[in-house]
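S.K.: These are the residues of each chain, in order.
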Amino acid sequence: MTARSAACARWQRQLAMGFMVVLAAVFTLPAEADVQRRDQDEAAWKSLRAEHFPDRSIADGEDVITLDAPYRAEDPSVVPITITDERAGTDAPPIRRLWLVIDNNPVPMSARFDFGPAAESATLATRVRVNSYTYMRVIAETADQKLYMVKKYVKASGGCSAPIGRDLDAARENMGQMRLRQIRVGEGDDRRTQLLIRHPNITGLQMDQLTRLVEPAHFVDAINVRKGDALVLDSQMTFSLSANPSLQFNVRDDARGALSVHVHDNKDQQFKQTWPDKQAGLSQSNGTSS
Amino acid sequence: MRRTQWLVCLVMLHGLSSAFAGDAPAPLPVTQVADGVFVHTGAQAEANRDNKGDIANIGFIVGTDCVTVVDTGGSPRIGAALRRAIAARTATPVCYVINTHMHPDHVLGNRAFVNEGTRFVAAAGFDQALAARGASYLDRLPDTIGMDADNSWLVMPDQQVDQKTTLDLGEREIVLEHGPTAHTDNDLTVFDRRTRTLWTGDLLFVDRIPSIDGSITGWLETMDDFAANRIVATVIPGHGPVSNDLAAAMAPQQRYLETVRDDVREAIAEGYSLQHTATHATQTERDRWLLFDDYHPRNITAAYTELEWE
Ligand SMILES: [Zn+2]
Chain Z
1224 MTARSAACAR WQRQLAMGFM VVLAAVFTLP AEADVQRRDQ DEAAWKSLRA
1274 EHFPDRSIAD GEDVITLDAP YRAEDPSVVP ITITDERAGT DAPPIRRLWL
1324 VIDNNPVPMS ARFDFGPAAE SATLATRVRV NSYTYMRVIA ETADQKLYMV
1374 KKYVKASGGC SAPIGRDLDA ARENMGQMRL RQIRVGEGDD RRTQLLIRHP
1424 NITGLQMDQL TRLVEPAHFV DAINVRKGDA LVLDSQMTFS LSANPSLQFN
1474 VRDDARGALS VHVHDNKDQQ FKQTWPDKQA GLSQSNGTSS
Chain S
3 MRRTQWLVCL VMLHGLSSAF AGDAPAPLPV TQVADGVFVH TGAQAEANRD
53 NKGDIANIGF IVGTDCVTVV DTGGSPRIGA ALRRAIAART ATPVCYVINT
103 HMHPDHVLGN RAFVNEGTRF VAAAGFDQAL AARGASYLDR LPDTIGMDAD
153 NSWLVMPDQQ VDQKTTLDLG EREIVLEHGP TAHTDNDLTV FDRRTRTLWT
203 GDLLFVDRIP SIDGSITGWL ETMDDFAANR IVATVIPGHG PVSNDLAAAM
253 APQQRYLETV RDDVREAIAE GYSLQHTATH ATQTERDRWL LFDDYHPRNI
303 TAAYTELEWE
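For the protein sequence lines, the chains are Z and S, in the order given.
The letter at position 74 of the first sequence is residue 1297 when you use this note's numbering, and the numbering goes up by one with no holes.
The letter at position 293 of the second sequence is residue 295 when you use this note's numbering, and the numbering goes up by one with no holes.
Isolated chain Z (complex conformation) (with noise of 0.2 Å):
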């Protein structure tokens, strides 16, 4: 081997060390800025967690609930999540509220959740706007006053900001009008009860960059489901939740009467309406607005 193709051979090898020193940072970096992301993400949990769970304990709570969430978000203004209840159809102490938590959202705490003896389970899904890289969380309170928490790790950005505009018209000219119709569960022939509500949902953050056209927090921050007299289910929310915003849960089969709705904005308007006892997604009536 001459000097000069050992040189080269040399060369050669450094070049591709260095090349796998670069291939090394390109795939090692992104992973390490998440872990830390995430560490961050942990300490906001943190004073959230003293703020709205002062002095309780929180149990892991993989077999009490799960939490189905995209983990990279398609549109962070709708991300559609479901939490399965996994007391259901046990003998344990069943979950009577939920709390969602999305960590990095303006107001984390974005919508708690109380069952009532007319719903089946605490399952539930909705949609829900994801403003940057974060953790969501569900705390699920039990009948015996426990806490147990699930999370998940979402990657998406500008759902808080983003979604003004696409619609925006229909939604206000339309605002209170409600949709009840039975929903299946994955594939399956399984169904539960989906209740969409025609609003807007404006988080008040869709700022303008010139100091203009600033739309003002518009958003429904409670909802409350009845079967007869029963109660299903009574909710409060933030503006976490996605424009028109959706509901599913689960009624039962043996609760009595119309099923009525109720739903209260942050402006103090409210829309109920009912529909017959057997004719959900049928037909609708009664629809009020004030």
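Honestly, the hints are just simulated from the structure, not real lab data.
For glycine and all other residues, C-beta sits at the position ideal for the given N, C-alpha and C.
Just so you know, not all the hints are guaranteed correct.
Computed list of chain S residues with no C-beta within reach of chain Z, every gap over 10 Å [unchecked claim]:
| # | residue |
| --- | --- |
| 1 | Val35 |
| 2 | Gln165 |
| 3 | Asn246 |
| 4 | Asp247 |
| 5 | Leu248 |
| 6 | Gly273 |
| 7 | Ala280 |
| 8 | Thr286 |
Using C-beta positions, here's what the derived DEER-type ranges look like [said to hold, decoys possible]:
| # | chain 1 | residue 1 | chain 2 | residue 2 | range |
| --- | --- | --- | --- | --- | --- |
| 9 | Z | Asn1397 | S | Asn50 | 49 to 55 Å |
| 10 | S | Thr286 | Z | Arg1295 | 22 to 28 Å |
| 11 | Z | Asn1397 | S | Asp296 | 52 to 58 Å |
| 12 | Z | Ala1273 | S | Ala28 | 55 to 61 Å |
| 13 | S | Glu118 | Z | Lys1378 | 42 to 48 Å |
| 14 | Z | Gln1492 | S | Ala47 | 32 to 38 Å |
| 15 | S | Glu48 | Z | Asp1500 | 48 to 54 Å |
| 16 | Z | Asp1283 | S | Asn50 | 51 to 57 Å |
| 17 | S | Asp226 | Z | Glu1410 | 31 to 37 Å |
| 18 | Z | Arg1279 | S | Gln161 | 57 to 63 Å |
| 19 | Z | Asp1283 | S | Glu48 | 46 to 52 Å |
Following the hints, position chain S with the ligand against chain Z.
M.R.: Then chain S with the ligand, alone, in the frame of chain Z:
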């Protein structure tokens, strides 16, 4: 990676030398697609560090008194390169910058044209849409194209088009039209009467999958209107190659949007959820488009949340 490193070095060197040369980028390559109508064809990719946001079709039309720019690209640097391309071809002043809608790959080059003699023209609704989303567009740029941006990158229109208006460039009239919510709620078409050239903005995607940020039904109506009422010699889509056959250029997009609309309607009627539909609907189109996985599930989400209220 090696190439990227070299590029970084070259860019740094270039930065040093151009700091003294007034930081003027090279003129943007443009093609004359009709007499006095020049187009730069953007990369058919997501905005990234290689293309630096140069992914949309942008260009200009030259009259005897005025030039009008149609869209300015995804950064002020692309806008500046377009400006140099204009200066290399004509001394006629740029009187207008038309933005076909508020998406960042079409408007973030605006700043390069801010000048006393230049009016920015866009459809009604543009300012509100850009104001609402501008911050999140700018926030994403360091991650996507590797550039830091500030509010000066967002340039609002001086003149808004409610339905239709005509601009006189000197022996050359161009017609601007704003229709129903389609690709976005502020789509604007530009038609040069002399050469019968239609700039569709993102009302037309060729080869690259269309993205729905407005209304799928409105978009299909708009395409029906194009098919019925437009006699066009040359069509310049928002993304993809320029064509002389409007019907042929529109056909794949029409098929895609119609299939998505029909499939999503059926899924809703059968009681399938948004989640399920977004991952299953219209997979037949997968191999027919660039960037399918990047946009298709989002398109289904947009279509579903619109059509569930029908
Ligand atoms: Zn666009």
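S.K.: So, for every hint listed, does it hold in this structure?
M.R.: Hints and how they fare:
No beta-carbon of chain Z is positioned within 10 Å of the beta-carbon of Val35/S; the least distance is around 32 Å. With a least beta-carbon separation of about 16 Å from chain Z, Gln165/S lies farther than 10 Å from that chain, consistent with its non-interface assignment. With 10 Å as the threshold on Cβ separation, the claim that Asn246/S sits away from chain Z holds: the shortest Cβ distance comes to roughly 33 Å. In this structure Asp247/S is separated from chain Z by more than 10 Å, as the shortest Cβ-Cβ distance comes to about 31 Å.
Even its closest Cβ contact with chain Z, about 27 Å, leaves Leu248/S beyond 10 Å, as expected for a residue assigned away from the interface. Not every C-beta of chain Z lies more than 10 Å from that of Gly273/S, the closest at about 5 Å, which undercuts listing it as non-interface. A cut-off of 10 Å between C-beta atoms contradicts the statement that Ala280/S is not in contact with chain Z; the least separation is 7 Å. Distance to chain Z confirms Thr286/S as a non-interface residue, since its nearest Cβ pair spans about 18 Å, more than 10 Å.
Roughly 40 Å separates the CB atoms of Asn1397/Z and Asn50/S, a value that falls outside the hinted 49 to 55 Å. Our hint of 22 to 28 Å for Thr286/S and Arg1295/Z holds, since their Cβ atoms are close to 23 Å apart. At about 32 Å, the CB distance of Asn1397/Z to Asp296/S disagrees with the hint of 52 to 58 Å. Between Ala1273/Z and Ala28/S the CB atoms are about 56 Å apart, so this pair conforms to the stated range of 55 to 61 Å.
Distance hint check for Glu118/S and Lys1378/Z: the Cβ-Cβ separation is about 44 Å, which falls inside the suggested range of 42 to 48 Å. Between Gln1492/Z and Ala47/S the CB atoms are about 45 Å apart, so this pair departs from the stated range of 32 to 38 Å. Range check, Glu48/S to Asp1500/Z: about 51 Å between beta-carbon atoms, so the 48 to 54 Å window is met. A C-beta distance of roughly 40 Å is found between Asp1283/Z and Asn50/S, which places it outside the suggested range of 51 to 57 Å.
Checking the proposed 31 to 37 Å range against Asp226/S and Glu1410/Z shows it holds: the Cβ atoms sit about 35 Å from each other. Distance hint check: the CB atoms of Arg1279/Z and Gln161/S are about 59 Å apart, consistent with the given range 57 to 63 Å. The hint said 46 to 52 Å for the Cβ distance between Asp1283/Z and Glu48/S, and at roughly 38 Å that hint is violated.
Violated hints, in rising order: 6, 7, 9, 11, 14, 16, 19; the structure is consistent with all others.
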